[in-house]
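Model the placement of chain B on the given structure of chain A, informed by the hints.
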Amino acid sequence: MFFAAFIIILLSAGIIFALVSRSTEAFQEYGIIGFIANPEWDPRPATEEYGALSFIIGTIYTAFLALLFCFPFSLAVALFNGEYFKGKKISSVVRSVVDLLAGIPSIVYGLWGFYAVRPLIIDLGLNAQGFGILLSSVVLAIMIIPYASSLSTEFISMVPNNLKEGAYSLGATQIEMIRFISLPTASSGIVASYILALGRALGETMAVTMLIGNTDRIPKGLLDTGNTMASVIANQFGEADGIKLSSLIAIGLLLFIITALINLVAKLIMKRVARA
Amino acid sequence: MENINNNNGMEPILQLKEVSVSYAPGTKAVKDVTTDIYPNTITAIMGPSGCGKSTLLRAINRMHDLYPNIKTTGDILLKGENIFNFDPMEVRRMAGMVFQQPNPFPTMSIYDNVLAGYKLNGIRLDKKEKDEIVEQSLKGVALWNEVKDVMSKRGSFLSGGQQQRLCIARTLALKPEILLMDEPTSALDPISTNKIEELLLELKNQFTIIIVTHNMSQAARISDNSMFMYLGELVEHGNTTQMFTKPKNKRTEEYLTGVFG
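Those protein sequences? They're chains A and B, same order as listed.
Taking the numbering used here, the leading residue of the first sequence gets 1, the next gets one more, and so forth.
Taking the numbering used here, the leading residue of the second sequence gets 1, the next gets one more, and so forth.
One should not assume that every hint holds.
[As the list claims (entries may be wrong)] Just the calculated beta-carbon pair ranges, DEER-fashion: (1) B/F84 with A/I122: 56 to 62 angstroms; (2) B/E177 with A/S188: 57 to 63 angstroms; (3) B/P190 with A/P184: 30 to 36 angstroms.
Just so you know, these hints were derived from the structure itself, not from any lab.
Given the structure is predicted, the values throughout are model-derived calculations rather than measurements.
Glycine residues also receive a C-beta, built at the ideal position from the N, C-alpha and C atoms.
Chain A on its own, in the form it takes in the complex:
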């Protein structure tokens, strides 16, 4: 047991060490700030230059859009399961389906997005190719609904019954009770679950790589193509070497730090909720 725990710690340290040591070349060449703030990603040997900004913006853009799209759906699902049909059979069916969504491999979402959602965007005349920020955010939104909704369901169903009865005894309807009592009481927990979902969206790789269009510049809008930090690595590490490889690993390190921080914030909020 202790041995296993020790190995886990050693492994994590090893991963961080590998990321740091392999990325030093890029950081030394461009400087940490210089690397983060530079939107150029130019692999042509004569003008070779690498910066992470395009991908950082692409990542934030897709992840927050996905969060925005997923918000109404997962809140509705959470209320359905945690309040309206709490403990009912239909709720356990919906819960299993949501869990099923969480279990679908990323590449399958990618295929579905490619063959089912992309034609929709083309048919709507939004974009000739279909690829881009919008397509990836929509598919990402669906991928993170299970994470956002199952945790929010827990927090909504944890609202004490005596508070709900207190509200009803003052003449509140169910919707008034939810709006003024349940949601405010569960709010920090709900926020935490959305932050965790955001963490998932930031790091999601395969489906995004297949759908975002893979262009190495700052996306100009919803319908433009781009690349996220994860998708640029997946797309380009195979043929990369030297300073380019080191730059890709540096992007990986940055992504790792961002998602770790986001998870940490969510955990802290949840700890605070658990204590209250």
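Relative to the frame of chain A, chain B by itself:
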């Protein structure tokens, strides 16, 4: 039940007619209770655990409607009108309820807790009306002086007894016809209990109070009339002093003298 203290021949404010409540088909937690409650009195409902006291109380403000498996039958008349002809939300505003565990809303300030009934029902008030209702309701429960400088703090920051008085203020703010109290002091210390009892004796002048209690001496101290329930039946309902000195029913006597309970 001719010896109920009926306040000099006034009309009853609340009439129960063959009220039964069942949690599951075929079993009744409250069996055919018929009785009258008179205005400006305190009525204590006593009886051993599981006798249906709280279940009867919660029938009066239609709390059972929240749980589809609970069925209430019979008629309950509040000021002569059958509560089952009203919207349940309206019934609950007319019959304010105070629970065993103080349950101030933790996300609201003390000020907002008092006004929670208005906020929850979407009734808009201007600042002056709000201030008036808050001051009046908190003075009504003798909490004003203790909290008037900390109005914006959370309700959960108060002591248990203060929280319970805040919850009473919250129901008073809606100006109900009757107050239903479900063992409101059983989670409180003796000093807070004493304060609440004194408060109830004062509130009696404006409201009609029905209080479920486990505590016989509490019933003796504050109530005008007492109801004794056993296994879902209303065994005896009468003037408290008379019931405690000369109970008519043998089971009432046994309960009051501690043979069971």
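Hints, verified against the model:
Separated by about 59 angstroms at the C-beta atoms, B/F84 and A/I122 satisfy the suggested range of 56 to 62 angstroms. Roughly 38 angstroms separates the CB atoms of B/E177 and A/S188, a value that falls outside the hinted 57 to 63 angstroms. Range check, B/P190 to A/P184: Cβ separation about 34 angstroms, and the 30 to 36 angstroms hint holds.
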